[in-house]
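Novice: Top to bottom, those sequences are chains W and D. Each residue of the first sequence is one higher than the last, beginning at 1 in this note's numbering. Each residue of the second sequence is one higher than the last, beginning at 1001 in this note's numbering.
Check the hints yourself; a few may be wrong.
Claimed, not checked - Here are the computed lysine-lysine pairs in the DSS-like style, where the Cα-Cα straight-line distance is at most 30 Å:
| hint | chain 1 | residue 1 | chain 2 | residue 2 |
| --- | --- | --- | --- | --- |
| 1 | D | LYS1046 | W | LYS59 |
| 2 | W | LYS59 | D | LYS1130 |
| 3 | D | LYS1304 | D | LYS1254 |
| 4 | D | LYS1370 | D | LYS1383 |
| 5 | W | LYS25 | D | LYS1059 |
| 6 | D | LYS1025 | W | LYS59 |
| 7 | W | LYS46 | D | LYS1024 |
| 8 | W | LYS25 | W | LYS192 |
| 9 | D | LYS1370 | D | LYS1329 |
| 10 | D | LYS1046 | W | LYS24 |
As the list claims (entries may be wrong) - If you want the footprint, here are the derived chain D segments under chain W, 3+ residues with CB under 8 Å:
| hint | region |
| --- | --- |
| 11 | 1056–1065 |
| 12 | 1076–1090 |
Calculated directly from the structure, the hints in this document are not laboratory data. None of the values given here were measured: they were computed from a predicted structure. Where is the CB? At the ideal position from N, CA and C, for every residue including glycine.
2 protein chains.
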Amino acid sequence: MPLLVMKFGGTSVANLDRIENAAKKVQEEVARGYDVIVIVSAMSGKTNELVGWVEGTSKLYDTREYDAIVSSGENVTAGLMALRLQEMGIGARSWQGWQVPINTTDAHASARFVSIPRENIDADFAGGNKVAVVAGFQGVTEGGRITTLGRGGSDTTAVAFAAAFGAERCDIYTDVDGVYTTDPRIVSKARKMEKIAFEEMLELASLGAKVLQTRSVELAMRYKVRLRVLSSFEATDETSGTLVCDEEEIMESKVVSGVAFSRDEAKMTLVRVEDRPGVAAAIFGPLAEAQVNVDMIVQNISEKVAGDAKLYTDMTFSLPVNQVERAKKALEDSRASGAVTYAELITDTETAKVSVVGIGMRSQVGVAAKMFAALAAENINIKVITTSEIKISVLIDRKYMELAVQTLHDTFGLEQA
Amino acid sequence: MPLLVMKFGGTSVANLDRIENAAKKVQEEVARGYDVIVIVSAMSGKTNELVGWVEGTSKLYDTREYDAIVSSGENVTAGLMALRLQEMGIGARSWQGWQVPINTTDAHASARFVSIPRENIDADFAGGNKVAVVAGFQGVTEGGRITTLGRGGSDTTAVAFAAAFGAERCDIYTDVDGVYTTDPRIVSKARKMEKIAFEEMLELASLGAKVLQTRSVELAMRYKVRLRVLSSFEATDETSGTLVCDEEEIMESKVVSGVAFSRDEAKMTLVRVEDRPGVAAAIFGPLAEAQVNVDMIVQNISEKVAGDAKLYTDMTFSLPVNQVERAKKALEDSRASGAVTYAELITDTETAKVSVVGIGMRSQVGVAAKMFAALAAENINIKVITTSEIKISVLIDRKYMELAVQTLHDTFGLEQA
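The shape of chain W in the complex, shown without the other chains:
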């Protein structure tokens, strides 16, 4: 029997009506001849309520207890979904993480999969049930303690089950109807993509297109799980939404597939850093320890200063605005301890990042030049540039962000399929 994995997020199971609506989508797939593994999140708001109770009880909480508590929301929706499917005459049962079992590491609150044995669920399908409803976001350690996978973990659960059970596809039902070339709230001509390659989705996901959790896309890419993003609030059929797949499935891909952005970026520059082996580690080690998420890093070439035998460089990096104070403190501590020397620390909290992403870039030259020219034509100054094989990112003044996104969307002709 062909098998599908269908995942419903918190807004898709927020109340009994929405659970019924989601169950109807499962019913449609069962009618098409599939066995289905359904992965459910907790009702939207429930996990936050539980986390609030944990944090209200203990500041430095035991993550084993945190996991035991916050995993309960998914158990409730899994049971309710199974009941609703039964009500529709579909053989279904719920599965909690320890019942499958979903074996994970014991890194509580951010556990990783170890194995998902198929025996129990396969036996349930063999016994006549058509649907296995699995509580997302959770697992169990070898020692029998409950774990969770960290926020957004239900997407990852879905992909892991699709891989373990060789599912034909993993459908992620959410509150948007697919992946767009950019945010339609900024560019009205933004277009829903029919297909997108894993690598592109990965860059878009980590750049702030919050449709899919990065880790789930990585996992899908590794196991070649065809991932579909579609809306649980609209009528859907087999061609709805956006398919995230191997690039080989995409016949002819455009040079640039999408424009991503991240609004609340800051830029910090360390001026006249003494350039010696190990200086980058001396700067970014303490930042990492201080939980600062450094994104782009640019180091200028070294220069000599007259009358000084040492070499000096400027080091610039970007980070989320709300981590600037933490970063400052970490750097000043490093300087005070003598681990790092610099003349000045310049902070710019009014920047944004804009990126173009596309696997077609690999075989095309001139994409960066075209991008820079387009921004220049609008008088948008570029502060930092970083590039990867399939992505070019620039840091610019925040006030120009919308203009830059619109300009690049036009320049690369993204409104046309």
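Following the hints, put chain D in place on chain W, whose structure we already have.
Specialist: Structure of chain D alone, referenced to chain W:
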């Protein structure tokens, strides 16, 4: 290390403040040198919310899914209680039913204990933890499905753990400060009892004194678990509340310990039932099938009717008022099928039951006579009488119920210890 079981009901863990308050009571016992097994209910209202969702999804629901859903409330409070105890510097962890494991039958929604192996929790105590916080009301089948014990099951969980672990005492913290000689809302002179025998508590519990669930008292009696009922909202020490214990622990017991009552009783009389072997079964079998809870049953002596070779009798029984219609239909169906014959069905829905309970009755004569005389002196007519070794119950007009309870409380001197 001596061990205590402490059970906190839904109102005692209704929010984070109350959980903290309950945790302080656990802390006091740990300070006295006890290892403690804490049994928690769900936050008050949570189980009802979950049951509402189940019933809103499916009318004839799969009880396996019901159990998986409604058991989640206790998992949350168990985790929160463990965190709060850790915050106080007390080694503690939570235990869900399947982790202990609490092995039960697979009678979902009303499962019974099969075994509670001590290995895992004993190992946890041996590892240095002082408190095991166990989610009440739940268990797990041999096949790995979650079960619940039915409403009030957390009391039963507490007693079962006390028996399995040989606890010195099982303390049931609730929203009243003990067991009273009768309801203080009706008799202002009602007195809190220091001790009460299991048998008496059992009669009081099943008669409507809703402090402890009947099943938990039965279990405590069978395993001789000393049970204490006390308030979680007042300062308590080792002498607080009411101890429910073996009668041997009660030095000198009064003839009557308490007066119980049940307000909403109805009385049904089948007039001129043909009296032949099997007639009682023919009447009460169908009533049981119709889920009618018949309580008192009285059968008058048979009589002969002139010109008829058969014997006839009148059969009277009591039942909850809200089950009268169901009982009527079952009896009329039996009559229509010819299984039972009777001349008339008389229903009285304006009655109440009043009972006096006391193990001292066993060795004292004249208790019934004294009770009937006291009621007669107040012109209260007795409609039905039943007696057991330690209880005398009468059915009377509902409007006299309060008067009867006050009169009997006075007559047997219950205001004095």
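Novice: Now tell me, hint by hint, if it's right for this structure.
Specialist: Consistency of the hints with the structure:
no.	hint	verdict
1	LYS1046(D) x LYS59(W)	24 Å, holds
2	LYS59(W) x LYS1130(D)	21 Å, holds
3	LYS1304(D) x LYS1254(D)	45 Å, violated
4	LYS1370(D) x LYS1383(D)	17 Å, holds
5	LYS25(W) x LYS1059(D)	22 Å, holds
6	LYS1025(D) x LYS59(W)	22 Å, holds
7	LYS46(W) x LYS1024(D)	28 Å, holds
8	LYS25(W) x LYS192(W)	21 Å, holds
9	LYS1370(D) x LYS1329(D)	39 Å, violated
10	LYS1046(D) x LYS24(W)	28 Å, holds
11	1056–1065	holds (count 7)
12	1076–1090	holds (count 9)
Comparing the model with each numbered hint stated earlier shows that hints 3 and 9 do not hold.
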